[in-house]
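From first to last, the protein sequence lines stand for chains A, B and C.
Each residue of the first sequence is one higher than the one before, starting from 2 at the first, in the working numbering.
Each residue of the second sequence is one higher than the one before, starting from 2 at the first, in the working numbering.
Each residue of the third sequence is one higher than the one before, starting from 2 at the first, in the working numbering.
Just so you know, not all the hints are guaranteed correct.
Taking CB as the label site, the calculated pair distances span [stated by the list, open to error]:
id	chain 1	residue 1	chain 2	residue 2	range
1	B	Arg149	C	Arg227	43 to 53 Å
2	C	Glu111	B	Asp477	27 to 37 Å
3	C	Val253	B	Lys242	57 to 67 Å
Quick caveat, the hints were computed from the structure, so don't treat them as lab data.
Cβ coordinates follow ideal geometry from the N, Cα and C atoms, glycine included.
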Amino acid sequence: MARATSTAGPAGTIDAAWVAQLTRSESSLRRFLAGLPGVDQVGAEARAASLATRSIKAASKIWAIKTAISMVDLTTLEGSDTPGKVAALCHKARQPDPDDPGVPSVAAVCVYPDLVATAKHELVGSPVAAASVATAFPSGRASIPVKLADARDAVDHGADEVDMVIDRGAFLAGRFGLVLEEIRSVREICRSVRLKVILETGELVTYDNVRRASWLAMLGGADFIKTSTGKITPSATPPVALVMLEAVRDFAEAVGPEIGVKVAGGIRAAKDAIRYLVLVNEAAGPRWLDPAHFRFGASSLLNDLLMQHRKQLTGAYVGPDDYSIE
Amino acid sequence: MSWEYSPAPESRAGIGLRRSYGLFIAGNFVESSDGEAFTTINPSNEEVLAEVAAAGPHDIDLAVAAARRAYEGVWGTMRPVDRAKYLFRIARLIQEHSSELAVLESLDSGKPIRESRDVDVPLAAAHFFYYAGWADKLAYAGFGPAPRPIGVAGQVIPWSFPLLLAAWKLAPALATGNTCVLKPAETTPLTALRLAEILQQADLPPGVVNIVTGAGATGASLVANPGVDKVAFTGSTEVGKTVQQVTAGTNKRLTLGLGGKAANIVFADAPLSQAIEGIINGIYFNQGEVCCAGSRLLVQESVADAVVDKLKARLATLRLGDPLDKNTDIGAINSAAQLEKIRVLAAEGEAAGARRWSPPCELPARGFWFPPTVFTGVAQTDRIAREEIFGPVLSVLSFRTPQEAVAKANNTVYGLAAGIWTEKGSRILWVASRLRAGVVWANTFNRFDPTSPFGGYRESGFGREGGRHGLAAYLDV
Amino acid sequence: MSERRVPVTKTYRLFVGGAFPRSGSGCSYVVTTPDGKLLAQAAAGSKKDVRDAVVAARAAFPRWSGATAYQRGQILYGVAEMLEDRQAQFVAAVAPSEALDEAAATILVEASIDRLVWYAGWCDKIAQIAGASNPVAGPYFSFSIPEPTGVVGVFAPARSSLLGLVSVLAPVLASGNTAVVIASEARPLAAILLGEVLAISDLPDGAVNLVTGRVAELAWTLAAHRDVDALDLAGVPSELVTELERAAAASVKRVVPAPPEEPDWADPPTLRRMLSFVEIKTVWHPIGV
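Work out the full structure, taking the sequences as your base and the hints as a guide.
In structure tokens, the structure reads:
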């Protein structure tokens, strides 16, 4: 892919001139995205499957489980959510295993914008972030002013992190400039807040699209690129995560900042979480193995991680009633 | 911070390794007639695994005679549907014993357990399944209404894929009604001998398959034995030429699977991440000890630097170590002799002026190890660009146009395999149609299937194994 | 002296979608030996059952046709393994159904198993026989591949209750298709037993559906069904043949015709049935830099 002739700044600073040049017009943006190397579906899936055969045992497994716990964005995004439900979730987020203070807290609690104030309140004094979805989550189908107001509302009510959705309709119609503009506008609103950009890879369908959308989001200023809303299938899959991890690695090399990746939707088992960590380790690199660079958007995953953690320590299999359901 | 994977060794329990093995002749294990034996070791730590009988000329006579009796008395006249049943049984038994076979294979050869478990053993079973199905369908195979077998097949295989190549040899030969005398490689006899036990379990009539272990002399005896009607040899081009000379004027049918120096051609519009995986797989799968290894990278000049950078970054994540560890990517080199050959050729590469690079790699103290190695700045005339190294050493050359890529790829006495990486369909077909190679992989590499014919052009050998075409070698047509 | 034990009698049902439903009509009919002795009550399938079977077969088609040829071969061979294990049970069903002694029935059951093994070995070879690379006169790569046609409606032979059944069913499966089978009306027991074996095999639910009942009542529904792609009329009574072939014409089904009289199924099969149920797809692509 094309690369600016000037070298990237120190890690964390953007090669702004290069980015400005390639995003200056719809056609230059389209040329850049079309010029990204394609992804061979079979090859990408084969590599993800091969990495799934890594055997993570003993100390490396305990490390993985604890790290995964610290990367969880504990999520509730239901129409039936109430302040009570959110409060209970926050309680669990702060201390996932009351019997073992050695188990870390999760990274964040993720809720709808009208409940983020509740979450923020319940998380006071803890390192757990209050995250809110925004921009007409999950469909993204609303006018731009409405979507931006949605994001502003979340920030005004104390969100530390915002998970926005991109306009997939615009993306699939080839209106990449519009998608980029929206992301940049939300970035502006979320100036001091961590911004995660949801690509909804299940709707993008091809890995080529996932690669292009990843770059679009990163050029738009995302702190994280996120696979899915979790509201449709397919959501996160290992090959999709692989493509996104390669994209953030390539972006870091070309432009500078180390953007994070969040996988969300359908990840229920500790075994799957560990497989994702292997992908992070081997596709992006060890620098991405912390909550500032990788997250799991999940709800029931946490309990399975706790059960596996207990099993690793004591040797005995644990039952689901040994842990609170929320 | 880095995440160290804890050791994850596969268990050696229950693999049924014996302290000593006899020759498998006429359905039984027997000592060699002159009492000669040799040891086979684990190349990752030089531990002795077992003592194995060495077949001398008299033993070869006995084995060939047993095969002849079985051919005339039982196998050559058996109803094809019943031959099929034995082969289906063998396939199933390989599946049932797959764990033990995989561990034994890794212990004896040095290849990572992940490969023996996920590639070698499943493909071996699949080969028996595929050819079992042909046994009673030969009328449809395109060789005439009633094609007949040849007789007794003498088969010699190398140490690169001991069990898989045994399956490649035995399955089509037996399906078509021939009987076999098979000689596994000296450094890797164990899975062939375990297979013999499986053949006993399958109740295969005695003498249909005979396994004669030994070194080069044993193979030479077998190939020259007048009772052998058909010779199938897989091994180095050098020895293959000797085999062809020895069989000259004898009326023996012959097929050869020899060496290679495959070119992996990467165009500027390749799906880059997958191309890197394909290059890695092409030369580091089985430590590069593969006849079809993509040992030459031909990269389009406009992306050469980017590709080499990404390749080096990816190489640094390869895990070299204990073959029995499930996370090992690169195992041990098969023998001290092979390690020496690799070292010599790699030193030649440096002496000729190519730039040598390996990722930082801790090599275990005992055993035979060579780190994955890349040479850039290689000239077409360098020995490392022309000679088969049979080790984890990649030589990188560049090209400007598709025509130049094809010319460079074909500029070799070999012709076994090649790889093409580009997103443009018509270019794949154009390049593939011009490559003088028996197997062309486009946007993939090292893919094998029992239905898919495999074999070389020119000094990579002749004859095809796999597929309908693989029957031809064992039919009197 | 012990009392004679009262056995648990068996209810024979349909095999649809991997399950054993009762017939939609709730009716059954009497199955006898050829000389009139009561053997069992079999479910009398209804038109609705045929419709449900077609739905199940269509739903199973992507999974069965999408499996690799190797997997299909493995599964069919696995069914043969199970049949081998249950030989005695099948002999006990075939012998009275066809008025044969145990020895003759055993020969038929063994031949049925061998027939299935024959077809299992075809799964990964049809493409190499029926496919081709076409040497067209231009810079194009042209290749032809056989693809399964879809759902095949099969009328099982009337007299050969197991060997004939396997001989018409196996080629459908080996070529990647799914099946709705109308079993022999007079001799359905082996078919029902086969359904029980298929249910525990690795064959996907709905890949094979077996409907017992009155052939004359069910035939037209299956033959006219627009979501059925092909028919094998092997077991159709001669008086129904023309009507069914006309019904098939309405959606241009591929039809394997009824033989004038039931053949000797012991004869080695040809490729005709498998090749009747595949579509040959030819693809062209330019060759150029």
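Taking the hints in turn, this is what the structure says about them:
{"no.": "1", "hint": "Arg149(B) with Arg227(C): 43 to 53 Å", "verdict": "holds, 49 Å"}
{"no.": "2", "hint": "Glu111(C) with Asp477(B): 27 to 37 Å", "verdict": "holds, 31 Å"}
{"no.": "3", "hint": "Val253(C) with Lys242(B): 57 to 67 Å", "verdict": "holds, 60 Å"}
Figure legend: structure checked against the earlier numbered hints; every hint is met.
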